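Q: Here is what each chain is made of, one letter per residue.
Number of protein chains: 4
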Amino acid sequence: MIRAQLVGATGYGGLGMVELLVGHPEIELVSLLAKNDVGQPISAFFPHLSGLCDLRVEEATPERVGRDVDLVICATPDRIGMGYAPALVDAGVAVLDYSGDFRFRNAGEYERYASRQPSVAGRPHTCPELLSRAAYGIPELFRDDVAGARLVGNPGCFAVAIILALAPALQSGVIEPQSVICDGKTGISGAGKKPGALYHFPDANDNVTAYRIAAHQHAVEAMIALERWCGSASRITFVPHLVPITRGILCTTYATLSGDHTLERIHGLYQAMYAGEPFVRVLPLGVAPGVKTVAGSNLCNISLALDGENGRLIVISAIDNLLKGQAGMALQNANVMFGLPETLGLERVPVYP
Amino acid sequence: MIRAQLVGATGYGGLGMVELLVGHPEIELVSLLAKNDVGQPISAFFPHLSGLCDLRVEEATPERVGRDVDLVICATPDRIGMGYAPALVDAGVAVLDYSGDFRFRNAGEYERYASRQPSVAGRPHTCPELLSRAAYGIPELFRDDVAGARLVGNPGCFAVAIILALAPALQSGVIEPQSVICDGKTGISGAGKKPGALYHFPDANDNVTAYRIAAHQHAVEAMIALERWCGSASRITFVPHLVPITRGILCTTYATLSGDHTLERIHGLYQAMYAGEPFVRVLPLGVAPGVKTVAGSNLCNISLALDGENGRLIVISAIDNLLKGQAGMALQNANVMFGLPETLGLERVPVYP
Amino acid sequence: MIRAQLVGATGYGGLGMVELLVGHPEIELVSLLAKNDVGQPISAFFPHLSGLCDLRVEEATPERVGRDVDLVICATPDRIGMGYAPALVDAGVAVLDYSGDFRFRNAGEYERYASRQPSVAGRPHTCPELLSRAAYGIPELFRDDVAGARLVGNPGCFAVAIILALAPALQSGVIEPQSVICDGKTGISGAGKKPGALYHFPDANDNVTAYRIAAHQHAVEAMIALERWCGSASRITFVPHLVPITRGILCTTYATLSGDHTLERIHGLYQAMYAGEPFVRVLPLGVAPGVKTVAGSNLCNISLALDGENGRLIVISAIDNLLKGQAGMALQNANVMFGLPETLGLERVPVYP
Amino acid sequence: MIRAQLVGATGYGGLGMVELLVGHPEIELVSLLAKNDVGQPISAFFPHLSGLCDLRVEEATPERVGRDVDLVICATPDRIGMGYAPALVDAGVAVLDYSGDFRFRNAGEYERYASRQPSVAGRPHTCPELLSRAAYGIPELFRDDVAGARLVGNPGCFAVAIILALAPALQSGVIEPQSVICDGKTGISGAGKKPGALYHFPDANDNVTAYRIAAHQHAVEAMIALERWCGSASRITFVPHLVPITRGILCTTYATLSGDHTLERIHGLYQAMYAGEPFVRVLPLGVAPGVKTVAGSNLCNISLALDGENGRLIVISAIDNLLKGQAGMALQNANVMFGLPETLGLERVPVYP
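Chains as they are written, first to last, in the numbering used here: chain A, 1 to 353; chain B, 1001 to 1353; chain C, 2001 to 2353; chain D, 3001 to 3353.
Isolated chain A, as found in the complex (with noise of 0.2 angstroms):
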């Protein structure tokens, strides 16, 4: 039995991660840390868990976190886990972070991405030399590095959207890297479990809104990582929206075809591409994707699209936010990690309707 533990407990990011390791045959989650919210059972902040997860929050303090286990798991905003992590390296404690710590190869690399994220910006990385020894955490593309690391990042949510829905088409160069326009639309989880005026039921209720225009780190992030994965660049206008959803991302992907490629085609090359992967379902032609479709699970659905008369190919991925694009992927990371079976307590139908 793997021990492992959880920093960031009572957040919606950790609290994903309590509910699907509650019965997991092989990982124990055997201590909550958190910063605030601490000295009571996790079900007193969250009832549904009351009897099936009442383990007793902590204080996340230096010498509670990586204390007797195996894998740190940090639900945590950026710059915690960096903080935690030299030590753990050290210690031999396996770390799966959930922010943009590591989720990149050099300190320019994470610099770029801070530039764009405004809790971070210009705060230079405080371990770069970690850098190199950590994975991205999205097993479709790199999971022989995630296999074979102790420290993993685990990737943005909009930024899972984007990468499986591109990857096949940027790869195959069946579209000009440099067209790529991504509309995401986003349910309000995303924002996290702190109220704000954004997210308040009576002003997101019956709206859409557009924010961070072009400016959303997760777009850069996917840049990089397409690029580590395929070697070449790619340019990506991206303008997420909120929706009135609780769970979700649905992305709408346009590019420039590069030559006459037909639809076919591209649809046999997805399809070779996530043939075998457990978590990707390349939708046949003619079906779009819902989020409801893979809410509740750690699928993610791809659906493409030709704009004949203007030699556009579209591609549209749906995701759960908070399991594929957060908490599943995470499992799915940690799975990897320890040599367990890739699904392995991941085999979660979507809820419908």
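Rather than coming from a laboratory, the hints here were simulated on the basis of the structure. What you are looking at is a predicted structure, and each value in this text was computed from that prediction instead of being measured. Please note that a few of the clues may not be correct.
Unchecked claim - Which residues of chain C face chain A? A partial, calculated answer using Cβ under 7 angstroms:
| id | residue |
| --- | --- |
| 1 | Pro-2025 |
| 2 | Leu-2052 |
| 3 | Pro-2195 |
| 4 | His-2200 |
Every residue gets a Cβ at the ideal spot worked out from N, C-alpha and C, and that includes glycine.
Using the hints provided, position chains B, C and D relative to the given structure of chain A.
A: Leaving out everything else, chains B, C and D in the frame of chain A:
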């Protein structure tokens, strides 16, 4: 492995059972039947099942129903199951029916129920002789009956919420059984998969409406079941309301105290009755249940409060109408009927948020 | 032209009044005051007002309140209006207050209310001598009082729905006044503009929760107002619920019939009482009101039904909590106070769907 | 008083016009016609109108259409208005049609549109000779045409949002006309009153889905109208999405800059073009529009942003699809056609929250 057949596979009730039986270790879904929507894989109607369950849906003909299976689950409207049951029971095939057909002990009770159910009012039961052999499928009250039965009537969704809310109070005599008023709120999925004006998004969204005022058949069903269980009659005024949520029922039940009972004592009675029940949680005093704390699970949450000035007990019960109120309860019943662990395949943590 | 000043302009209650007074032919909004959010046009906080009302919000200082205006509308929380009212009344400025400060005839009633309102519990009224001069702002019951008053307490949103539902039944004696149970459902805007955990979209969406169980101050207010109006006391058990809609209140009220009254007779009594009322519609028998049939308007819809078996009357009332339950009622009161046509500026057709 | 008749009174489009004309000082609705749902007052179908408009709905027969009225408003699907128009125009009755029947200058344009509209594809226009006399009903672009016409084609909802977003940029030449990509999000009311699987609350709630990918007729309509207005052709890739809101359209439009234009300059061009337009608000830079800031009104909000790294302009336009996108625009056109003040009856402040 128990071989199960699902009749009415393409409604929400059938769908819920498909989702639950994907991966169930002891019950295998071998056959999907329906009246319409036949000839294609179930995943063609419900794309979220793609790759998870691609069984073909076949037409429900008399020859097919019950063939080579141990259990037939009729996820069908009233009066379908009663057509199949006699032959199935004769053939030794177990039957679990979602409708009102087998929820009652005799023709008189059935007629009392049917008089409130517009689709069947005035039509006699076609196999009343089977009613005495049918169990009412709420294991929390009738576990031994269900365990010994080959024919089980799965309860109505509102009936579940009302019965679990009232059983301890009625049995212990702390409330006046003639004084019960129950105000129900249900998600729109309770109306099923078929579109209609009341369930059209623009009409249902941002709306709350009462319907079937003091005329819903589930209140009659609850009264009959509670009398069957504790021996004395109660009277319930029940008004259901549609609220713009997909899943969930919240029932707020009001009853006059029969004497000077403290809330603590009543809370103790509820805890005692439901101690050991895997799917009923009596919440600590002061915690009001929301439907989100049970949605996506087979749990029922119960909260208690007193209006001390007016001598009234207030019980609030919450369930997922499609799980504890339908498919989840059905699987719980199937587990009990076949001597399996009652929670098998139902260990789902509610998904939050 | 009546010159009006709005104190508390940047909350939902103040905002509602701004929206209503844009274009009002007889009342001109000349000044907007607030505690926070000052120094910018109201349209900077509420961009939908851009170009329609760009009045600057100023700090609510004692010198500004009431200066050069005929009417001060305090869209403020409890205990703000009572600070301003004495000086304003002395100066001959009319006062319309949204809080509980002037809804009662004497200090005893106020204390009964305040004991239920956590934010003010235990604190005495600071100008009880003004209470006898204050009118309770429901013109349907107290039109003459309002017309003659310079100080009006605008009613609580749930109180409006409860009072209009019960007034005819209590006055005519067709129900037992001790038997009333009221189950309220409110949109999230009823909690105001300030974000909080219960109103955070991911928590509120797809959820229904009870709160302030048998402890809401609006039930006390309704009992006091109904006794003030018809002379005899009633007792009301009231449980409010949050439902995931932006606007609207639906109250389902249950009461035991005092005798063998027919539904037709009771319907006639309701029609008679509300005949000529421009904002109350008694619906034909058989038509249940949804909140959407009144949202966006100052209307209150009332439906009646009987549970004949149990001898209970069921009254369902629906209002827009921010209009008939707040700003709309306030403007109706202002029109009455100044002898204007009662419907001026309130001729809004509900927006459907 | 202008006497108006409404054909297709019981759909959402007709309903919107009824709501607007209640109380309009210069246009009186004298007759409601429909194909189905006839023989009862409109308030029997739409109870929120009870007491506000109780006109009886009559069957739309050839004898009734246009009798004793100055204006016939066809709130009808494609190919209904073209049946009535020739006789009405001959008789000197003004015609305002909601469908695609009169949005084009000639049969060729109509056929280009019709080929994208499945319900009419392949069927020729039955009175192409009237097309040259029909105005396209966007007063912001074609005010003089509308003022001089007796036959006006009211625009499609998405077309309005696309056209108002693009007109200044295309006219001024700051974007490449072949590079336009428009990602549309619409509330479910855009699909009309008729229930269907995609609009069933349990399916639509908490969902986002793309549909008619690169195949929606409103994109063709927008291209034709923009060329008609500024003389040069553009090409638009358009993907509409259903989002779970009742009302509202948000279009996010991306286009490649034709040169080194600053955002400030482009913002100035937009402000200049729409200066004096009562229903178009160009928001300050940095303010992104949400659909809630226009819902319930006839306003269109427009925001501008640049993706400087990639040389793209981003225009976000928001309208209420049932008002500025349908009935509100229709009334605006009617006011212009009859020489009334353009804003008459449309002075509605958006309702917020």
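Q: Hint by hint, note whether the structure agrees.
A: Taking the hints in turn, this is what the structure says about them:
1. Pro-2025: 29 angstroms, violated
2. Leu-2052: 19 angstroms, violated
3. Pro-2195: 4 angstroms, holds
4. His-2200: Holds. Min distance 4 angstroms.
Against the hints set out earlier in the document, violations occur for numbers 1, 2.
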